[in-house]
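Given only the sequences and the hints, what does the whole structure look like? Please build it.
Residue numbers (UniProt numbering), protein chains in the order written: chain A, 1 to 355; chain P, 1 to 355; chain F, 1 to 355; chain Z, 1 to 355; chain U, 1 to 355.
No lab work stands behind these hints: they were computed from the structure.
A few of these clues could be false.
No distinction is drawn between identical chains; accordingly, a pair holds when it is met within one copy or between any pair of copies.
Calculated lysine-lysine pairs in the DSS-like style (CA-CA distance at most 30 Å, straight line) [claimed, not checked]:
| id | residue 1 | residue 2 |
| --- | --- | --- |
| 1 | K102 | K85 |
| 2 | K351 | K208 |
| 3 | K352 | K27 |
| 4 | K85 | K160 |
| 5 | K208 | K296 |
| 6 | K27 | K102 |
Please read all numbers here as calculations on a predicted model, not as lab measurements.
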Amino acid sequence: MAGRYRHSAAAKAGASPGTLVHIGEQKLERVFLTVIDYDADAVTPHQDINMAAALTCCDGPRNTWLNVDGIHDTAVIARIGEHFKIHPLTQEDILHTAQRPKLESFDHYLYIVLPMLRYLPEEARVISEQVSLILTDRVLISFQESTGDVFTPVRERLQKNRGRIRGSGCDYLAYALVDAVVDHYFVILEQIGTRIDELEEQTIDNPKPEILHRLHALKREVIGLRKRIWPLREVIAALARQDSTLIHRETAIFFRDVHDHTIQVMDTIESYRDLLAGVLELHLSTISNRMSEVMKTLTIIATIFIPLTFIAGVYGMNFRVMPELEWRWGYGFALGIMGLTALGLLVYFKKKGWF
Amino acid sequence: MAGRYRHSAAAKAGASPGTLVHIGEQKLERVFLTVIDYDADAVTPHQDINMAAALTCCDGPRNTWLNVDGIHDTAVIARIGEHFKIHPLTQEDILHTAQRPKLESFDHYLYIVLPMLRYLPEEARVISEQVSLILTDRVLISFQESTGDVFTPVRERLQKNRGRIRGSGCDYLAYALVDAVVDHYFVILEQIGTRIDELEEQTIDNPKPEILHRLHALKREVIGLRKRIWPLREVIAALARQDSTLIHRETAIFFRDVHDHTIQVMDTIESYRDLLAGVLELHLSTISNRMSEVMKTLTIIATIFIPLTFIAGVYGMNFRVMPELEWRWGYGFALGIMGLTALGLLVYFKKKGWF
Amino acid sequence: MAGRYRHSAAAKAGASPGTLVHIGEQKLERVFLTVIDYDADAVTPHQDINMAAALTCCDGPRNTWLNVDGIHDTAVIARIGEHFKIHPLTQEDILHTAQRPKLESFDHYLYIVLPMLRYLPEEARVISEQVSLILTDRVLISFQESTGDVFTPVRERLQKNRGRIRGSGCDYLAYALVDAVVDHYFVILEQIGTRIDELEEQTIDNPKPEILHRLHALKREVIGLRKRIWPLREVIAALARQDSTLIHRETAIFFRDVHDHTIQVMDTIESYRDLLAGVLELHLSTISNRMSEVMKTLTIIATIFIPLTFIAGVYGMNFRVMPELEWRWGYGFALGIMGLTALGLLVYFKKKGWF
Amino acid sequence: MAGRYRHSAAAKAGASPGTLVHIGEQKLERVFLTVIDYDADAVTPHQDINMAAALTCCDGPRNTWLNVDGIHDTAVIARIGEHFKIHPLTQEDILHTAQRPKLESFDHYLYIVLPMLRYLPEEARVISEQVSLILTDRVLISFQESTGDVFTPVRERLQKNRGRIRGSGCDYLAYALVDAVVDHYFVILEQIGTRIDELEEQTIDNPKPEILHRLHALKREVIGLRKRIWPLREVIAALARQDSTLIHRETAIFFRDVHDHTIQVMDTIESYRDLLAGVLELHLSTISNRMSEVMKTLTIIATIFIPLTFIAGVYGMNFRVMPELEWRWGYGFALGIMGLTALGLLVYFKKKGWF
Amino acid sequence: MAGRYRHSAAAKAGASPGTLVHIGEQKLERVFLTVIDYDADAVTPHQDINMAAALTCCDGPRNTWLNVDGIHDTAVIARIGEHFKIHPLTQEDILHTAQRPKLESFDHYLYIVLPMLRYLPEEARVISEQVSLILTDRVLISFQESTGDVFTPVRERLQKNRGRIRGSGCDYLAYALVDAVVDHYFVILEQIGTRIDELEEQTIDNPKPEILHRLHALKREVIGLRKRIWPLREVIAALARQDSTLIHRETAIFFRDVHDHTIQVMDTIESYRDLLAGVLELHLSTISNRMSEVMKTLTIIATIFIPLTFIAGVYGMNFRVMPELEWRWGYGFALGIMGLTALGLLVYFKKKGWF
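What follows is the structure, encoded as structure tokens:
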């Protein structure tokens with residue numbers, strides 16, 4: 001539905017900016033806070049702790065990753081916003097779940113928002129969730145709409161001290177999260193690629209009309225994906241250019257790598273559009289060709305029998321004087337004429353290459 | 001109608017620039033002036049006051065919002081223009097209701113023009129009106145074609161001192177008005193999104209030919225919307241870049257936010273175009289598929305009966321000597337041949353996958 | 001015809017640049033010179049004066065507008081070129097009537113060339129003429145292919161001292177002429193808009209095949225218009241940027257206004273292209289839908305009668321033993337079967353939603 | 001054929017750059033050298049002289065134009081290359097006849113390559129040849145694939161001392177040659193324009209299927225032309241920008257003029273693409289409309305007769321008891337029913353607007 | 001298959017960057033190292049040597065080309081990476097075989113990755129392989145997925161000291177390899193060009209439906225090719241701009257030449273897309289035209305016989321009183337009417353231009 005791309009604006013049009021109103025579906029009953037405190041030597045995870053404890057952790061000397069699951073509770077956002085001196089517009093943006101991916105640079109923090117797509121194999125569907133990241137000097141705060149994310153491998157790397165993640169700053173952690181999100185796009189793209197291949201095969205083997213609806217739905221999905229991911233390109237390019245002092249030079253090189261992946265995602269989406277257009281074209285042409293073949297065959301049959309029926313009609317006339325009717329072999333003669341007519345037409349059609 | 005996009009130029013072609021001629025429909029009988037005088041401590045609204053009183057308010061020490069409903073009276077515009085030293089071309093632009101959105105920066109004022117769209121739910125239609133804003137250091141003047149606007153929430157925020165509006169300058173008030181206008185676009189877009197969804201559903205369920213006309217009308221509406229909103233992007237980008245000293249640094253951050261919304265509006269319009277094209281394509285293909293199915297079925301019926309009729313014709317011939325006619329079971333034999341022929345054709349068509 | 005867009009190049013390919021050869025149709029028998037001498041206090045028009053007198057006027061202390069109607073006489077151009085030291089390439093360009101709009105800046109003069117379109121209501125057609133302007137410090141020279149132009153209001157403003165035209169320099173006069181030309185484009189666009197609306201209405205009411213040809217012709221016209229006006233955008237942008245010292249700061253503001261109009265013209269042309277494509281699509285779909293409806297109805301009629309004819313054929317067979325034929329109510333029985341068959345088919349088609 | 005756009009790469013893939021291998025068709029038996037030695041006072045042409053003499057001329061104090069007809073002899077190119085210290089890559093490029101138009105600037109020479117198109121009226125076809133120009137301080141060397149070119153008017157201007165060609169340097173001569181080549185494109189475009197007009201007329205008058213193939217061929221030609229000429233734009237823009245010191249300021253103004261022509265060529269090609277697409281669309285729609293009209297008429301005829309035939313069939317049944325058959329006016333009654341049925345159907349179809 | 005464009009991301013999503021995991025198909029059993037040690041005087045090739053020996057060669061004073069066939073063994077990459085201090089992300093990129101072409105510039109080395117396409121004539125198919133180049137001051141390392149490449153002519157030039165390759169640095173060797181890869185694209189393009197020509201010919205001669213599938217497959221191939229080669233443009237432009245100090249000025253000129261070739265490749269691909277679209281259009285129109293011709297002919301035959309059959313039906317009616325039946329020449333009269341009807345219809349259809 002087109003509604004998927006909409007901003008539920010009626011609810012808030014004209015309200016004061018920075019008014020904290022959650023726009024979107026509430027996906028959790030309450031908000032869960034998770035804190036991971038780490039430095040090169042140790043890592044301390046805190047599951048589901050309360051706000052006061054979480055903020056205390058953040059003020060400690062170590063790097064801290066504060067993850068917030070659930071963004072429907074404006075009080076939570078306001079409390080965090082106040083603690084970290086986050087601009088009211090940023091707080092508002094965290095609450096709105098129909099943001100375009102964007103990067104906003106403030107004096108003491110960076111705000112990154114991007115869509116996290118997850119493929120649930122058991123349900124064979126894609127879940128989309130908005131992830132907001134606030135990066136300050138020593139703290140990274142991530143806001144998710146719901147529990148469950150694509151960050152498990154990042155948590156494991158922190159725990160098991162794999163790679164450079166523990167030894168680097170929060171900017172590297174931000175990179176790790178963004179990278180995990182972008183890497184997951186490829187999983188989604190693989191699903192779509194497989195479905196395009198299937199539809200193409202079906203189109204060649206057995207072009208049923210319902211393929212049309214499935215192609216349409218897939219095309220719609222690709223349009224939506226493109227619309228959501230497209231602005232990410234600039235966001236990550238800005239991170240790779242190291243526009244903000246919060247991103248260190250070594251981390252910028254890693255963002256350059258994510259940037260390459262984003263461009264690859266966009267390229268793949270573009271080529272999927274081309275491929276889908278091609279499959280649709282192929283489908284319509286194949287359907288139309290098949291239909292034409294059917295019509296042609298049927299028309300040839302009809303056309304052959306119409307003159308024969310005419311001949312039969314002629315000898316069914318009741319004129320008193322019709323010499324042929326009296327002939328000994330009149331009947332055979334009539335059948336013969338019919339046979340010859342049919343044969344003549346068949347030869348003619350064959351010669352014309354009509355079947 | 002294409003006429004909607006036209007500039008009624010014949011009326012004025014070649015006239016001296018700055019000649020004040022109202023171009024557009026006169027929507028009100030007379031001009032209504034409303035003044036809201038405010039500072040951080042108090043707000044004083046003046047409904048429908050006369051010109052002299054209004055200009056006196058504007059010259060006072062407090063921030064003033066002068067709203068002009070009705071732009072057909074050139075004398076009013078000329079009087080205001082003279083008082084605020086507004087360039088003749090700007091005065092002319094205020095009077096012409098087919099302006100492209102634009103921002104013009106003069107030494108002592110900014111001129112912003114943008115289209116205000118309102119959805120009237122009771123009449124189920126969209127009203128478009130041109131809004132011109134003149135921003136000087138202490139005064140904001142807004143010109144509307146008619147009474148009724150999307151600014152009610154802004155007036156309430158001023159009255160009830162919500163947010164930072166009372167404590168900020170006129171540039172923030174300008175932001176609040178522009179933001180209200182842009183936020184309302186989302187309401188319009190929601191309407192269009194809903195209609196696209198409806199048409200898509202109808203196309204899948206029951207693709208009647210009249211959907212074609214409705215799709216065409218909707219596409220036309222989207223083209224018109226795009227044409228009108230497109231240039232707004234640059235206008236608001238310029239405001240966010242803080243090109244003029246009349247826009248303060250803190251307000252520029254808010255305009256950056258409106259800029260994001262404008263881009264989101266354009267993205268949505270673009271994806272609506274894609275969606276509409278997709279629905280149209282689906283509609284045409286579905287119609288064509290259905291028609292083909294009908295034709296195929298009918299042709300199959302006709303094709304089966306034509307050979308049968310031929311056989312009946314043969315045994316309706318009046319040859320004197322036709323052995324079959326004399327047979328005891330001749331009639332049954334003929335019916336049998338017919339039955340077998342019909343069956344043979346059905347089997348053949350079935351095998352070919354034609355039904 | 002495509003020829004409309006052609007440069008009659010064969011005539012001159014390879015000739016020395018600056019060779020004065022008139023390329024285009026000769027529209028007048030002789031060249032008419034008109035001079036308007038003016039300053040803030042007075043204006044002196046000279047109709048159809050000779051070359052020597054005209055050049056004397058130009059050398060006077062007042063601002064002078066020298067208008068040349070007819071550009072087929074190379075001697076006239078050469079004489080003016082020599083007097084004002086105009087580059088041979090510019091002289092050549094004045095003579096060629098298939099120029100792209102362009103602005104060329106030389107040390108002591110500006111050369112502007114643009115297409116002047118006029119709608120002749122009595123003949124219901126559009127006339128296109130090339131206008132060249134040479135702007136020096138105190139003189140503006142305009143070259144037209146023929147008498148009759150869109151400059152009458154400008155002449156009146158000069159005569160009646162309306163607006164700032166008499167008090168400003170020749171650059172303002174140049175602006176006034178360019179503005180008059182661009183304003184006239186809107187008149188042409190209105191004609192085209194009206195025709196698109198008419199064709200759309202006819203398409204919805206009664207989609208005759210000849211509409212196709214009219215749509216095609218209109219599309220061709222819009223393509224031609226776009227091609228001719230498109231480069232004007234850059235020309236006027238350059239004037240508004242005040243690239244040359246011959247354009248004063250105050251006049252540049254006015255050119256900025258013309259620039260807005262030009263962009264509006266281009267936007268309108270673009271949306272006309274979209275609208276025309278939409279109407280064409282609608283037309284083809286409507287025609288195709290109508291045709292399909294006709295075919296379907298006819299095929300349904302044929303399909304209902306074919307089985308009935310078959311039944312009649314069966315009872316027209318001449319078998320000696322056909323029990324039904326001997327029945328008392330055989331005829332009624334046969335008619336009954338036919339009626340039931342027809343009814344059955346009608347119910348079936350109805351149920352399938354085929355009519 | 002697509003082959004026309006190919007680079008015969010297999011022959012040379014991976015070879016050392018600067019390896020002199022002629023790629024293309026050999027069009028002449030041997031190489032012809034022509035030298036024109038000139039200054040403001042005199043011009044000395046040397047037809048078909050040998051290499052040593054040619055190089056001696058080039059070393060003289062006067063401006064020299066060395067024209068080489070035939071580029072298959074790598075020894076000739078190598079000799080010239082050595083004499084003028086031409087980079088091996090340039091030598092290689094001269095020999096490859098599938099170059100994109102390009103400009104390469106070296107310390108002591110400019111290398112320009114562009115396609116020369118000639119229309120041979122007697123054979124009604126277009127010949128394409130690659131022209132390479134090497135411009136040094138006092139010498140211009142032109143390489144052509146074959147004898148015969150579009151430079152005859154330039155030679156005449158040199159001979160007869162027309163225009164400024166004899167008094168200017170070799171850069172002006174280079175301009176004159178490039179201008180001659182570009183001017184000739186218009187001749188080719190005129191041919192194409194005429195053919196588009198013809199095909200459009202035929203499409204409106206008598207849309208035969210073979211027009212489709214001619215439109216396709218023309219479109220292919222326009223695509224090829226566009227591909228070959230497109231890069232020329234940048235080449236000539238660079239010359240007009242006077243990027244190299246080998247181009248004098250006065251000559252750069254002339255190249256600016258050629259640049260305008262090139263843009264006009266591209267504009268015309270673009271509008272030809274639009275026109276061709278329009279004619280194709282018109283053709284397909286017209287064909288489809290005509291076909292539909294035919295089918296409709298035929299189907300109407302068939303549909304009217306089918307019920308009549310059914311009635312005839314009814315009264316051809318052999319039931320013993322069929323009261324109508326015994327009526328005095330039974331036959332007339334039957335004919336009457338048939339007539340009324342036919343009339344009824346005609347009126348119905350007419351009312352539906354089907355013919 | 002769309003899968004061809006996929007990044008096998010599921011395997012690695014979220015892993016630590018720089019984690020060496022081979023992504024792609026393992027094409028060789030083990031890794032083969034080849035070293036060519038050279039300077040202006042001598043060249044020493046080492047086939048299939050071990051790692052330690054290879055690295056010793058690389059540390060020698062002469063230029064060294066280390067070629068690695070097989071990239072599935074992460075230990076090999078890690079060893080080389082450690083020796084040459086290659087960034088972990090670069091090592092990771094070498095292992096992933098679905099990279100976009102890119103150039104990455106580090107302090108002491110350049111990383112270039114590009115796709116190598118080879119046409120295997122014996123198998124009539126194209127093989128695609130990823131080639132990574134690491135260019136340091138004295139060493140060039142090339143990584144290939146498998147043995148067999150397009151570099152044989154480069155090896156020969158090294159061996160036989162042809163051209164400047166032995167006397168130049170490793171940057172020139174890098175140029176030679178990139179040039180060999182790009183030159184080979186033309187071989188692939190020639191194959192595609194030939195296939196387009198064949199399909200076009202078949203479309204004109206005998207437009208069978210299976211051409212549709214072949215056109216679709218070819219279009220898909222061209223889309224894939226375009227996607228893979230497109231980013232190469234920027235890569236080689238950056239090399240030609242000599243952004244890195246590792247590329248010398250003289251070599252940059254050679255990269256400029258490769259850049260021209262790359263643009264030519266892209267131009268050719270673009271024109272192939274246009275050509276393919278044209279052939280597809282032609283194919284569909286031709287098929288549709290042919291089908292229409294068939295239908296029209298068949299319908300004309302049917303339409304002529306239907307009225308004749310009706311007449312026969314009339315005289316087959318069994319009315320007691322039917323005067324014509326008793327006429328002496330009644331039968332002839334009926335046949336005459338039929339003949340005239342047929343003739344009349346034929347003349348009518350002919351006059352209408354229906355056949």
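- Which numbered hints fail: 3
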